[in-house]
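Participant: One letter stands for each residue in the lines below.
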Amino acid sequence: MREAETGGARPLLRVGDLHAHYGESHVLHGMSFEIAAGEVVTLLGRNGAGKTTTMRAIMGMLRQRSGSIVIDGVETMAMRSDRIARLGIGYVPEERGIFASLDVRENLELPPVVKPGGMSVEEVYDLFPRLRERRSSQGTKLSGGEQQMLAIARVLRTGAKLLLLDEPTEGLAPVIVQQIGTIIGELKRKGFTILLVEQNFHFAATVADRHYIVEHGHVVEMFRNEDIGSNMKTLQDYLGV
Amino acid sequence: MLELIGVSPQMLFGQLMLGLINGAFYAVLSLGLAVIFGLLNVINFTHGAQYMMGAFVAYILLVVFGVPYWGALVLAPVIVGAVGIVIERTMLRRLYHLDHLYGLLLTFGLALIIEGLFRARYGVSGQPYPNPLPGGTNLGFMFLPTYRGWVVVASLVVCFGTWLVIERTKLGSYLRAATERPDLVQAFGINVPLMITLTYGFGVALAGFAGVLAAPIYQVSPLMGANLIIVVFAVVVIGGMGSILGAIVTGYALGIVEGLTKVFYPEASNTVIFVVMAIVLLLKPAGLFGTAK
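Residue numbers (this note's numbering), protein chains in the order written: chain A, 1 to 241; chain B, 1 to 293.
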């Protein structure tokens with residue numbers, strides 16, 4: 001099963017039997033999945049299925065979690081959030097997390113470099129020319145699409161090779177969604193490994209290699225992207241589309 | 001022209017100068033409170049006691065170790081800041097995930113303990129501290145004591161320097177970002193718990209610095225902070241909780257308002273700041289420089 005999932009390569013990220021709580025409520029019930037280096041993998045599921053919580057648990061941002069999260073061979077369950085980031089993970093949170101009291105350039109340069117080999121600021125601006133034009137604007141004065149670009153752009157400088165993107169297309173116009181798809185494709189070509197949380201599986205199908213379906217805090221199904229057509233009926237049942 | 005309204009220029013400028021001196025202390029103290037509140041969400045009621053400790057450390061350094069004022073100006077804030085760091089590491093840190101009120105109660109209790117300890121050792125009567133810059137200059141319209149001029153300059157430099165670091169440097173951008181979303185800043189790989197400890201230490205060191213500045217002007221006494229801190233909290237509320245610029249500008253402005261009130265209506269000089277606070281809270285509850293959450 002495991003070999004089948006990642007094609008025999010050692011996974012860059014392996015989540016095993018992950019449980020998480022917010023106060024009294026038990027949100028994750030044994031999440032298990034893995035991603036090989038260079039893959040783009042989505043967590044698909046409805047609102048409240050536990051996708052964002054999984055991201056936050058991987059980043060060590062939850063107090064109450066148990067199970068196993070191995071990143072690049074390192075077990076991270078006992079690690080503090082900033083130590084986990086320094087293993088080479090770039091986190092692009094839900095709602096983008098752009099800082100209002102920082103301008104675009106400060107937002108872009110905020111995350112420290114965690115590994116060698118990240119893009120330079122100039123390379124990032126070449127990939128996102130719009131951000132260069134607006135580098136002196138206050139972060140939250142940008143449009144939603146620009147803020148999403150900025151949220152992605154700022155983790156490309158850090159040398160992180162594993163990116164966690166939490167609903168990068170949420171609330172954006174179709175043309176912007178298309179641009180983000182192009183960027184994800186480009187990042188994949190550059191060798192980034194990407195875990196993508198999505199509700200929009202039409203978008204997910206254009207960018208990902210594999211899809212995990214998440215329901216009630218655990219993975220219920222895994223599809224390869226090429227099999228998505230033959231499993232459309234199951235998929236629609238799960239996602240309620 | 002001033003004589004027409006029954007006020008001599010000496011009186012007016014004298015009180016303006018006194019107001020500016022008080023404003024200098026308000027500004028440095030409320031700046032420390034604002035920096036701490038911004039990142040820690042803790043209303044540091046120990047601030048007055050830490051200001052008093054600054055003055056006492058300077059006094060002890062002089063009397064026991066023979067360290068002069070200028071040495072104390074550097075050493076005392078470091079020592080008081082280090083005590084603050086111990087308080088943060090051992091006690092305050094445990095309260096961040098609870099309501100604001102717990103931090104307030106802890107720091108209030110600590111203030112009572114610290115002030116009680118100093119009172120037990122030194123009594124309530126003040127200890128004199130020699131003026132390191134005696135003399136002054138006649139400016140024509142008023143006499144300016146050199147040390148008071150120094151206090152205003154020193155506080156302006158410290159306030160403006162702090163503002164510059166927070167608003168214009170990389171370190172400051174970490175601080176501003178962590179004030180908004182500490183969890184996310186930490187998830188980018190920044191050691192936020194360490195930042196919080198150092199920020200508390202810095203805010204407390206500012207209080208200690210103000211205490212050293214105050215030592216030659218006021219008597220060094222265990223209750224000097226308790227008397228001042230209530231006014232400083234009013235300043236913070238007027239400026240807007242957590243606003244750096246608000247704390248600085250409001251600090252000086254209210255010192256001057258207080259001085260002017262002494263000239264024109266002395267009976268109100270002790271209450272004018274609280275009257276301003278009431279008006280500001282009615283019209284702009286988040287404070288003059290604050291943003292509503």
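It is worth saying that the hints were derived from the structure and are not from the lab. Beta carbons: idealized from backbone N, C-alpha and C, even for Gly. Hints are supplied without guarantee of correctness; some may be wrong.
Simulated crosslink set (SDA-like; lysine to any residue; CA at most 25 Å straight-line) [stated by the list, open to error]:
| hint | chain 1 | residue 1 | chain 2 | residue 2 |
| --- | --- | --- | --- | --- |
| 1 | A | LYS141 | B | HIS100 |
| 2 | B | LYS170 | A | LYS233 |
| 3 | B | LYS170 | A | ARG132 |
| 4 | A | LYS141 | B | ASP183 |
| 5 | A | LYS233 | A | HIS202 |
| 6 | A | LYS115 | A | ARG105 |
| 7 | B | LYS170 | A | ASP103 |
| 8 | B | LYS284 | A | GLN138 |
| 9 | A | LYS115 | B | LEU288 |
Covered stretches of chain A (in silico footprint by chain B; criterion: 3 or more residues with CB under 8 Å from a CB of chain B, positions within the stretch not fixed) [said to hold, decoys possible]:
| hint | region |
| --- | --- |
| 10 | 52-61 |
| 11 | 86-93 |
| 12 | 97-105 |
Participant: Could you work out which of the previously given hints the structure breaks and list their numbers from low to high?
Facilitator: The structure conflicts with hints 1, 2, 9, although it agrees with all the remaining ones.
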